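> As a plain string of letters, each chain reads:
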Amino acid sequence: MSRIFNALKLNKDDNVAVALRTIKAGEDLSIQGETATIKVMVDIPFGHKIATDLIQKDGKIIKYGECMGISTEEIEPGYHVHVFNVRGLKEDERLSALQEVRLP
Amino acid sequence: MKTFEGYRRTNGSIGVRNHVITINTVGELAGLTKKLAQMVPGVIPVAHQAGKAQYPEDLEQTIRTLKGTAGHPNVSAALFLGMGEDDPAEEIVEMLKEEGHHVHAITFQKDKTISEVLIEGKQWLEEALERSRSQQKESADITELIIGLECGGSDAWSGITANPAIGACSDSVVRDGGTSILAETTEAIGAEHILAGRAVDYEVREKFLKIVKDYEERIKETGEDIRSANPTPGNMAGGLTTLEEKSLGCIKKGGSSTLMEVIAYAEKPTKKGFVFMDTPGYDVESVAGLAAGGAQIVLFSTGKGSPTGSPIVPVIKIGTNPKLYEIMSEHIDVNAGKIIEGLNTIEEIGEEIYTKVMEAANGKLTAAEHHKNQEFAIWRLAQTM
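Protein chains in written order, with my numbering: chain R, 1 to 104; chain Y, 1 to 385.
With the rest of the complex left out, here is chain Y (with noise of 0.2 Å):
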């Protein structure tokens, strides 16, 4: 049984960090919010440009993912800003101490200064700061890890080295016991049938095929059609035929498990094993989604070396090809362009993205991390009021 060492949360789930965060609630606080965790350095600031003139879908999706940011088992401590009387972030701060976790809200109003804001939000950091700082680690297994599989900045090679060698450490994850949430409905389309093949029952295979119906419809709205856009002309001339071919080289990120629960975007999985989540294929979007659904780890699979990093979780960042490790290796953690030159197979480099996700368990930084490249952004799906 693979183990780590992390930290266990009132509530009983275990981090791989112990992060203390400053959140908005609203776009208007999002200067405040970065100006606030500059004031006491170590905290991080989790800033977005949601929270307002949001249809009511809208709004419960973002209160869904500020929730599950700020009470995320990697977050020690988490300070909302947010703003007049009908603010979201004394009911959100309510909610999560009740599940036991250390948050505070402070909410502008007619009666405080910024000044005054500024400097009770200061004083409350540095005290969660202090009490993080003296918080113990403690022994956790895998079974209670849970992975996010993403993609960004993917060309010719992700298909065939970097997203099958993470769907075979997904494998070896959930045969292990843990969890995998593998995401980006868009970039299921085209092989929608072949994962729904994989669900546990009918249920799973109906929710499945009814996510990426929906998706597809809201593209439609805006008069584009994937499945006749794709592939595109620079995937054929990279070697792609079809679309279904495209699809399954995204979704062999999540390897050949059975298909075990599909969840709405930041929602958390009931289940273990292979798990879907309902997210755009937009990174930042996806990884917040994934983070905000519990994952303390995400897997993300790169031929153009996209930075992108997340403020909560460690983003596990895989090369496709040698090039790209050539040129940035600074960004890259695992280099599955190997696979290419012959020097390992496909499994070898899904056992060294494994032992990668351990050491990143055990709080060892990933190049994001490194860089503080800590991206957040929340999925919308209608026009802003």
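Just chain R, same shape as in the assembly (with noise of 0.2 Å):
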């Protein structure tokens, strides 16, 4: 196995990277195709999200380069993120998203 990382981000602005297997807190998290490394905290089950930056409180959740969600408290890095620390974005929130993007 040539595993040499594991957690993968899906794209280079998202605050979170995925854990690609289960990694427990204590453990060093390392990225595909990043050398900074971050200690993780707490356990984060495989497919689960962690935080790589410090997240502020209704702070945005990016992955895929997109805002997945809203922090419902500050999120330090080597944290778990989840449904405790995230809500969706309400009705409103997506329209003015919506708004906020210019046509080519």
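No wet-lab data here; the hints were simulated from the structure.
One-sided excerpt, in silico: chain Y residues whose CB lies under 8 Å from chain R:
#1 Ala156
#2 Ile194
#3 Met236
#4 Thr241
#5 Thr242
#6 Glu244
#7 Glu245
#8 Lys252
#9 Thr345
Here are the simulated lysine-lysine pairs, DSSO-like style, with alpha carbons at most 30 Å apart:
#10 R/Lys12 to Y/Lys2
#11 Y/Lys272 to Y/Lys97
#12 R/Lys90 to Y/Lys213
#13 Y/Lys97 to Y/Lys112
#14 R/Lys9 to Y/Lys323
FRET-style restraints, in silico, Cβ to Cβ:
#15 Y/Glu348 to R/Pro45: 24 to 32 Å
#16 Y/Tyr55 to R/Gly65: 38 to 46 Å
#17 R/Glu34 to Y/Met236: 25 to 33 Å
#18 R/Gly65 to Y/Gln135: 43 to 51 Å
#19 Y/Glu91 to R/Val83: 50 to 58 Å
This structure is a prediction, so every number in the text was calculated from the model and none was measured. Just so you know, even glycine gets a beta-carbon here, dropped at the ideal spot from N, CA and C.
Quick one: dock chain against chain with the hints and give me the complex.
This is the structure:
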């Protein structure tokens, strides 16, 4: 097995990475294509997300380079990002996100 | 410029296969359609249950799908079986003949026995098959290729491995001047503002938002609410947090190209580049719609090994995880599970998929074709009357 990393970022602008296997607290997070290592603070099941940047309360969760949710509390790097600290967008937030996009 | 050898049709389109098919206009003839195909080895049956007791909008959609299927560039010849005086078989055949297609209709009336119909059909099919074998290939390039993008039997890895890799391939096809069609309107619910934000102009943006809204309304009429039901507890256990995230994982099959056009089910795109087709999430109906709309090849990601194929287009299966490839490798053409193992990047698997697309365009059989998986069903909006 030539696995040399345990997480993947879907887009360079993302502030979360996806665990490619279950990662235990205390392990180093190694992301494909990146050199910086982050200490994993809690157990992260495979397929779940882990913060790679400090995410402020009410901050955007970026995956695939897109906003996939809003944080409900401050999330520090190395912590699990899931339903207990993230909510989906409200209807007016979706609409305003669309209004922000300028047509070519 | 990527090129391939295909079959040039009279109307100018290019096929990557040279199929002779039998196809019924009404469900009552599904059995005979299969029987007739069995009588002439090499002929593919396109049998289905639609065509009778349908609301006008559904009947129109059924006819558009049948016409798109029989007039598909991958089809060398098509024999329609119809029944009764108001059957659309003759009308569809006349329209297709005007476009230069080699087609024929046999309509069951009171004055014909079943054995007479079978004899007439068998003779026509044998001649059509012989004719197809004498057709020569000629060179075509990627700008004439349309690929459809689909998923079925998704798992927690779909949005991480196979779908983004298909997206990378789609972006490459579009960059090279080809066309890719993303489908499955239901899967875009929750991320529609993101895809709409990639529209080329206001009109395309509004049309996309409208088909998503209309679909959601139809589902609500049945008492279901996609927004509040998703992500499901199973999705959450797999790591999906919000509906946006789930939908993004699906629409990422479309990469990040500009959305040029939004088309109806089984409708042909008029633009090149990245296009969206209004289809249901049910893979068999969605693949049939993509094919009827002119896609010559369909890319299909699966986490659970859905064997769905098509009677007329090569379906390329992209497996999402290593375990699936280990167990069901005979069903899978590309193992995107290598991304999880760290063996390849998303971009590399995207290139591997693109290579498979060109191989399939040049005639190499896909796993679904090899196994003769030839599913076909037409999307219906309303109840049967």
